[in-house]
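Chemist: Sequence:
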Amino acid sequence: MDATEISVQMIAEDILAKEFTNVVNHYYPKTGELLDGCYVKVITCFWGRPAKRFQYIGIYCTGEMMPYVQAQKEILREVADNMGLIQVVCMNAKRLLRDPVSKLKQSDPRLWLELQLVAT
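Anchor point for the sequence shown: position 3 equals 3 in my numbering, and the numbering is continuous, going up by one each time.
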């Protein structure tokens, strides 16, 4: 992939993440309120030979919010499945930021900044 393809893919992932949030807000407003305090991202990975592309939702939130988001995971998975995404994964933003061996700040500075906002 060249730089143009990567940037187009990132834009498509951002649009898909916003659409996921919009659908949750529209059909499940209480669950949507939870997502207001989180950072929602579509994550693309490749697996197998030949490599197949898979996309899933990553929800980054604080440790305090994690149990509430986890409690709504079936709803979130249903929406993701209807959008052609394979899974929903919840991650603790504070833990990622505090990981001493993390290279997140260098590899994805935008995500690192977004997680700073979520974690505070």
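Check the hints yourself; a few may be wrong.
Taking lysine-lysine and the BS3-like style, the derived pairs with C-alpha atoms no more than 27 Å apart in a straight line are [said to hold, decoys possible]:
1. Lys52 to Lys18
2. Lys18 to Lys30
3. Lys18 to Lys94
It should be emphasised that the hints constitute simulated quantities derived from the structure, not laboratory data.
This structure is a prediction, so every number in the text was calculated from the model and none was measured.
Chemist: Decide, hint by hint, whether the structure agrees.
Modeler: Status of the hints after comparison with the structure:
Straight-line distance between C-alpha atoms of Lys52 and Lys18 comes to about 24 Å, which keeps the hinted pair within the 27 Å bound. Taking the CA atoms of Lys18 and Lys30, the gap is about 17 Å. The hint holds against a cut of 27 Å. Simply put, Lys18 and Lys94 have alpha-carbon atoms about 22 Å apart, close enough for the 27 Å limit, and the pair holds.
The structure meets every hint from the earlier list without exception.
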